[in-house]
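Asks: Here is what each chain is made of, one letter per residue.
Protein chains: 2
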Amino acid sequence: MVEKVVQTDQSKAYAVLKADADKILKLIQVQMDNLTMPQCPLYEEVLDTQMFGLSREIDFAVRLHLIDEDEGKALLDNLEKQLNILHEKAQAGY
Amino acid sequence: MVEKVVQTDQSKAYAVLKADADKILKLIQVQMDNLTMPQCPLYEEVLDTQMFGLSREIDFAVRLHLIDEDEGKALLDNLEKQLNILHEKAQAGY
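Residue numbers (our numbering), protein chains in the order written: chain A, 1 to 94; chain B, 1 to 94.
Any given hint could be a false lead.
Which copy? The list can't say, so a pair holds if one copy fits it or any two copies do.
Unchecked claim - Restricting the straight-line Cα-Cα distance to at most 27 Å, the calculated cross-link-like pairs of lysine-lysine (DSS-like) are: (1) Lys89 <-> Lys4; (2) Lys89 <-> Lys12; (3) Lys89 <-> Lys73; (4) Lys81 <-> Lys18; (5) Lys4 <-> Lys73; (6) Lys73 <-> Lys12; (7) Lys73 <-> Lys18; (8) Lys81 <-> Lys12; (9) Lys12 <-> Lys26; (10) Lys18 <-> Lys89; (11) Lys23 <-> Lys81; (12) Lys81 <-> Lys26; (13) Lys23 <-> Lys4; (14) Lys89 <-> Lys26; (15) Lys26 <-> Lys4; (16) Lys23 <-> Lys73; (17) Lys23 <-> Lys89.
Keep in mind that the hints were calculated from the coordinates and are not lab data.
Work the whole structure out from these sequences, hints included.
Replies: Right, here's the structure in full:
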């Protein structure tokens, strides 16, 4: 078997992860606008699962040195902050 | 900002994913041996979440060409097969 080496720009790995984080934010935004209230257990479950999925992606990227650990942590923290803002806005609306 | 390029052996990326798949199998094994029965909703939820996390990792790796799409699919399929065997064994035991 030939050992294949793949070259990855760190910025590309980061961009893919950032796009996934944005997708989660968008999903939650749509969910809040149209489907369920933030108190709904289903909402919590979707969010938890999505966040878990992203954290697994980031963890994988960090282990392969595709992004720095700090960058990965900041990406998750930032998403959480934005989700909190969304959440507060939704609650203020009810 | 300096653009950093990371070199990754495909076999290494695969090995990291395989180790994560094995970890899920181990987790479910322990859960079956000690905690809950396969009919338990909590068991289903843990398993679904773990599988989702792994599928996100694999999807990320495929998008960055760190593993082939077929390899990724085979890894997930194989894990599912092994989990089914575990599941059947557990059910036969009750």
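Asks: Could you run down the list of hints and mark each one as holding or not?
Replies: Consistency of the hints with the structure:
no. : hint            : in the structure
1   : Lys89 <-> Lys4  : neither (49 Å within a copy, 39 Å between copies)
2   : Lys89 <-> Lys12 : neither (32 Å within a copy, 44 Å between copies)
3   : Lys89 <-> Lys73 : within (24 Å within a copy, 40 Å between copies)
4   : Lys81 <-> Lys18 : within (14 Å within a copy, 32 Å between copies)
5   : Lys4 <-> Lys73  : between (29 Å within a copy, 19 Å between copies)
6   : Lys73 <-> Lys12 : both (17 Å within a copy, 23 Å between copies)
7   : Lys73 <-> Lys18 : both (12 Å within a copy, 24 Å between copies)
8   : Lys81 <-> Lys12 : within (23 Å within a copy, 34 Å between copies)
9   : Lys12 <-> Lys26 : within (21 Å within a copy, 33 Å between copies)
10  : Lys18 <-> Lys89 : within (23 Å within a copy, 41 Å between copies)
11  : Lys23 <-> Lys81 : within (15 Å within a copy, 30 Å between copies)
12  : Lys81 <-> Lys26 : within (14 Å within a copy, 34 Å between copies)
13  : Lys23 <-> Lys4  : between (31 Å within a copy, 25 Å between copies)
14  : Lys89 <-> Lys26 : within (15 Å within a copy, 41 Å between copies)
15  : Lys26 <-> Lys4  : neither (36 Å within a copy, 29 Å between copies)
16  : Lys23 <-> Lys73 : both (17 Å within a copy, 23 Å between copies)
17  : Lys23 <-> Lys89 : within (19 Å within a copy, 39 Å between copies)
In this structure, the earlier hints numbered 1, 2, 15 are contradicted, and the remaining ones agree with it.
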